[in-house]
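Participant: Sequence:
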Amino acid sequence: MYDKTVRRRRAVLGLLVACSLILLTAYFGESGGGMLHGVQRGTSEIVSPIQDGASRVLKPVRDLFGWFGDTLSAKGDLKDVRAERDRLRSELLAEQSAEREVQQLRSMVELDGALGLKDYAPETGRVIAQSPTVWYATIRVNKGSDDGVRKGNPVINEEALIGTVTETFSGSSQVTLITDTTSHVSALAFSGRRGSVFGVVSAASAGSPNDLVLEFAAPSARLNPGDRVVTRGTAEDSDRLPSLFPPGLAIGEITRIDNAGTDTQEVHLRPFADMQKLNFVRILTRPEGPAK
465 MYDKTVRRRR AVLGLLVACS LILLTAYFGE SGGGMLHGVQ RGTSEIVSPI
515 QDGASRVLKP VRDLFGWFGD TLSAKGDLKD VRAERDRLRS ELLAEQSAER
565 EVQQLRSMVE LDGALGLKDY APETGRVIAQ SPTVWYATIR VNKGSDDGVR
615 KGNPVINEEA LIGTVTETFS GSSQVTLITD TTSHVSALAF SGRRGSVFGV
665 VSAASAGSPN DLVLEFAAPS ARLNPGDRVV TRGTAEDSDR LPSLFPPGLA
715 IGEITRIDNA GTDTQEVHLR PFADMQKLNF VRILTRPEGP AK
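Sequential numbering of the sequence shown, starting at 465, is according to my numbering.
Don't take each hint at face value.
Keeping only pairs whose Cα atoms sit at most 20 Å apart, straight-line, the calculated SDA-like set for lysine to any residue is [unchecked claim]:
no., residue 1, residue 2
1, K582, E623
2, K615, T646
3, K741, R590
4, K741, K582
5, K615, F662
6, K615, L652
7, K741, K615
8, K741, T597
9, K741, T726
10, K741, A585
11, K741, N606
12, K468, I486
13, K615, E631
14, K615, T640
15, K615, E587
16, K741, L652
Since the hints were made in silico from the structure, they are not lab data.
Take the sequences, apply the hints, and build the full model.
Facilitator: Right, dumping it as structure tokens:
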């Protein structure tokens with residue numbers, strides 16, 4: 465039974481193939497006006513409207529599937545574009561950060577040359593921690609006693625004096641900033657042609673990293689906003705507050721004078737260094753310079 469069915473199907477298939485060959489031979493052998501060509505044209509005229517209608521009906525479906533495909537493809541492309549954007553942004557930020565660090569280090573070297581600080585054996589350190597309080601009174605740097613750092617060493621950045629080493633460890637040290645309430649720096653305020661005025665720079669109040677005061681300045685001193693304040697430098701033993709700092713290190717600029725000319729006058733200044741954005745610092749490991 466099975467073999468008979470198979471033989472029948474094969475016979476039908478062979479008959480159809482033979483008919484197809486005969487029709488194709490006849491079609492290509494007759495002229496353009498022949499019967500088979502006429503049948504083709506008639507069939508096309510009947511089928512074409514049906515195909516066109518079906519195409520119009522199915523077009524929204526095709527468009528919908530195409531929209532889904534394009535949307536999925538666009539989402540994939542968008543994801544790739546965003547990943548590329550994030551990568552380029554990270555590379556740009558890293559490059560800008562490296563450029564800023566190079567500029568800071570270059571400025572520090574230039575400051576060494578301008579102030580003659582090479583004899584103080586400056587050691588460059590990176591800030592690795594900062595006081596969590598709102599006063600930003602201390603920082604931790606990655607240079608310590610193994611690098612020749614000692615308690616009392618002055619610390620600067622590329623702009624100005626920032627503080628003093630107050631604790632040392634083998635591989636790090638703690639720096640107390642000049643904005644800390646325990647810090648005191650003997651200083652000179654330059655008032656143009658009127659000469660310089662001695663005083664002591666200290667924090668104006670706790671929690672004010674941008675406000676210092678120049679204490680002990682004579683009430684008769686003629687100081688004005690805009691006058692620069694620098695370290696006084698190593699002083700005589702007879703002075704009540706000998707300085708550990710080299711002379712001429714920039715500290716800040718006078719911003720205002722309260723109760724000027726009286727015994728209660730307060731000379732306020734803004735530090736040149738931004739204590740909240742410290743990155744690299746220079747520790748002067750020989751605070752008494754070449755004389756020692």
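Participant: For each hint, tell me whether it holds in the structure or not.
Facilitator: Right, here's what the structure says about each hint:
no., hint, verdict
1, K582 - E623, "holds, 16 Å"
2, K615 - T646, "holds, 15 Å"
3, K741 - R590, "holds, 12 Å"
4, K741 - K582, "violated, 25 Å"
5, K615 - F662, "violated, 25 Å"
6, K615 - L652, "violated, 24 Å"
7, K741 - K615, "violated, 23 Å"
8, K741 - T597, "holds, 15 Å"
9, K741 - T726, "violated, 36 Å"
10, K741 - A585, "violated, 24 Å"
11, K741 - N606, "holds, 16 Å"
12, K468 - I486, "violated, 27 Å"
13, K615 - E631, "holds, 6 Å"
14, K615 - T640, "holds, 11 Å"
15, K615 - E587, "holds, 14 Å"
16, K741 - L652, "violated, 26 Å"
Checked against the numbered hints given earlier, this structure breaks hints 4, 5, 6, 7, 9, 10, 12 and 16; the rest are met.
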